[in-house]
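2 protein chains.
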Amino acid sequence: LRFASGEELQPWHLVYECYGKLNANRDNAILIHHALSADCHVASHTQNSNPGWWEEMVGPNKAIDTNHFYVICINNLGSCFGSISPISINPHNQKSYRADFPALTFSDILHSQQLLLQELGIRKLYAVIGSSLGGMLSLQWAIDYPDSVARLICIAACHKAYAVNIANRTIQREIIQLDPEWQGGYYEKNPIRGLQIARKLGHYTYRHPSLLNKKFADNPQHIRRYLAYNAHKFAEQYDANCYLYMLDAMDNFDVSNKLATENTAFERIKCDSLIISVNSDILFTPDQQLEIYKKLAAANKNAKFITHYSEYGHDSFLVDTDEFGKYIRNFL
Amino acid sequence: LRFASGEELQPWHLVYECYGKLNANRDNAILIHHALSADCHVASHTQNSNPGWWEEMVGPNKAIDTNHFYVICINNLGSCFGSISPISINPHNQKSYRADFPALTFSDILHSQQLLLQELGIRKLYAVIGSSLGGMLSLQWAIDYPDSVARLICIAACHKAYAVNIANRTIQREIIQLDPEWQGGYYEKNPIRGLQIARKLGHYTYRHPSLLNKKFADNPQHIRRYLAYNAHKFAEQYDANCYLYMLDAMDNFDVSNKLATENTAFERIKCDSLIISVNSDILFTPDQQLEIYKKLAAANKNAKFITHYSEYGHDSFLVDTDEFGKYIRNFL
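Chains as they are written, first to last, in this note's numbering: chain P, -3 to 328; chain E, -3 to 328.
Just so you know, these hints were derived from the structure itself, not from any lab.
Just so you know, not all the hints are guaranteed correct.
Pairs of lysine-lysine, DSS-like flavour, derived with a Cα cap of 30 Å [claimed, not checked]:
{"#": "1", "chain 1": "E", "residue 1": "K290", "chain 2": "P", "residue 2": "K210"}
{"#": "2", "chain 1": "P", "residue 1": "K290", "chain 2": "E", "residue 2": "K211"}
{"#": "3", "chain 1": "E", "residue 1": "K229", "chain 2": "E", "residue 2": "K91"}
{"#": "4", "chain 1": "E", "residue 1": "K254", "chain 2": "P", "residue 2": "K210"}
{"#": "5", "chain 1": "P", "residue 1": "K185", "chain 2": "E", "residue 2": "K185"}
{"#": "6", "chain 1": "E", "residue 1": "K291", "chain 2": "P", "residue 2": "K291"}
{"#": "7", "chain 1": "E", "residue 1": "K17", "chain 2": "E", "residue 2": "K300"}
{"#": "8", "chain 1": "P", "residue 1": "K156", "chain 2": "E", "residue 2": "K210"}
{"#": "9", "chain 1": "P", "residue 1": "K210", "chain 2": "E", "residue 2": "K291"}
{"#": "10", "chain 1": "P", "residue 1": "K58", "chain 2": "P", "residue 2": "K229"}
{"#": "11", "chain 1": "P", "residue 1": "K211", "chain 2": "E", "residue 2": "K229"}
{"#": "12", "chain 1": "P", "residue 1": "K185", "chain 2": "P", "residue 2": "K229"}
{"#": "13", "chain 1": "P", "residue 1": "K290", "chain 2": "P", "residue 2": "K322"}
{"#": "14", "chain 1": "P", "residue 1": "K322", "chain 2": "P", "residue 2": "K17"}
To give an idea of the chain E side of the interface with chain P (calculated C-beta under 8 Å), a few residues [unchecked claim]:
{"#": "15", "residue": "I167"}
{"#": "16", "residue": "I171"}
{"#": "17", "residue": "L174"}
{"#": "18", "residue": "P176"}
{"#": "19", "residue": "G180"}
{"#": "20", "residue": "S206"}
Using N, Cα and C, we set each Cβ at its ideal position, and we do this for glycine too.
Extracted from the complex, chain P is given alone in its bound form (with noise of 0.2 Å):
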């Protein structure tokens, strides 16, 4: 696999779970990417029936309704669960990579993933869907693969990274950095302490202020479990450098990356677009998303703008699943 940067990597994995039955005609596929923490266990299925992240959202009859869609969902390259990443071996020392992987960018994963979808046999997507992390990879998805895809669902996500987003991302890596475990990313054992911490940064975002206030308005101080539970959880699962990998990822993120400019990006767009928007997101403002339509109609494409009206924050795709799978399912 040839990243970006031009490192390389022989051989190379992706971990993938599918859903529903690829059509005679193999134009009923759906490409789902997931978010930053989460991995390829969409909803549960015959050989692991532990609930996934979509649970309400995939499966038959629902939304994305498996009777009729081939349902694909990709460990993305880097993340540390299945697919090849810096906590896999590297064959040269037999060590794994840590902080000796490639480089990578959003096109690396989307490239990868194009590669996997070759072997399958698809050669267009019936829509590409993906929420915050997924969603940008979604939208890249659109433009890296303008023939591959007739209709991208991107929700809570962003064209570019934005400054205060850089921010919090450089932030929780110097946090994660400042643990004396960390090693220079040459760490026998995961550093918990600051990956914990970098991860509370993270959650402090994903729920919108008014929500936590108003849960924990009894004893406010209750917060500081409700924190050390969802980090210590979290980095009990993810490794420190897949981590610092897609924050790197995140923070090189730019569709005009590889272009001119962004209206190069979005001229290349061939799919209809289905943007989604959270009012009380403030990790992925709406003022985002309301960019990405802009431009969208700028260029003179098939774009619709949905906001999304919910006390949640960025979190709502995974809870406010029966309004979801209603923009989803009207879309589709």
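Guided by the hints, dock chain E onto chain P, whose structure is given.
Just chain E now, with coordinates in the frame of chain P:
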């Protein structure tokens, strides 16, 4: 000096600056409470010509007019700009107190200030004025010493610690404690790496995201330099223990602490109040100040509420000094 915890500090001292002249009736004094990272140098004067942190607000013919008023600003007990604090020498072992400094509450800070005002022969203040942490102190003053103040101006503050603010401060505290140089608070050298990262997180909330995104629209990654510059400047001046003591005092702040209920606390107030909120403040959000106003109104107190519209966010009181000057001058 006896702390609420029962601990005592002997000897002790406060550093303060004053402007204008105390009149014969000793009833023209205004006490200004400074915010977390500021000091008592609120404006320039003959002995210190450096501009103060509220230079545009305090002076002859300015909004807080020192031709009429005698203005006092006291460096908060526990802060590292001259008043007794964790960096002061403990006479018992000739080392600085560091983590042995008594647990600090806002009422301790105010108690020390009340003793100073007695010393100065000031029995009733014309007004107390504070913003952010200073606004919390001013509000608590009106509750702890209701007969000693005629007017309260409370800006961008709250009447108790809200969960989301505790979350932010918890993360900041844990970042500092993650720094190997912190040494459980008994460091010889200020743990500046942790302090800088913590401060970046503070700073991240002082400006509205839209403003920062606009400021760094051309090169969003430059926000890193901006954060680094501000954090560096801060960590050169501020002591980590002092910062942690202040975060703790804010986390434990609740006007009902020593009283049965919040209502009892607000009923004690005897002065007129002006509560000012900034629409774009994401740190101490407008609903927090509206809550103060509602509680004052419910207790039948004479109170006025202003929402200031600005793109600057929490720090507006330092930036939009023309408008804040008008609000303050009218009320005084």
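Taking the least C-beta to C-beta distance, is E:L174 closer than 8 Å to chain P? holds, 5 Å
E:K290 and P:K210: Cα distance at most 30 Å? Roughly 17 Å separates the two Cα atoms, so the pair holds.
For the pair supplied as a hint, E:K17 and E:K300, is the alpha-carbon distance within the 30 Å limit? Answer holds: E:K17 to E:K300 is near 28 Å, not above 30 Å.
With a cut-off of 8 Å on the beta carbons, see whether E:I171 makes it to chain P. holds, 6 Å
Against chain P, is E:S206 within 8 Å by beta-carbon distance? holds, 7 Å
Restraint check for E:K291 with P:K291, where alpha carbons must lie at most 30 Å apart: Judged against 30 Å, a Cα distance of about 46 Å means the pair is violated.
Against the 30 Å threshold, does the CA-CA distance of P:K211 and E:K229 hold or violate the hint? violated, 36 Å
Between E:K229 and E:K91, does the CA-CA distance stay at or below 30 Å? Holds - the C-alpha atoms of E:K91 and E:K229 are around 26 Å apart, at most 30 Å.
Agreement of hint E:P176 with chain P interface, Cβ distance less than 8 Å: holds, 5 Å
Can you confirm whether the C-alpha distance between P:K185 and P:K229 stays at or below 30 Å? holds, 16 Å
Holds or violated: E:K254 with P:K210, Cα cutoff 30 Å? holds, 23 Å
Holds or violated: P:K210 to E:K291, with C-alpha atoms at most 30 Å apart: Holds, at about 17 Å.
Checked against the numbered hints given earlier, this structure breaks hints 6, 11 and 19; the rest are met.
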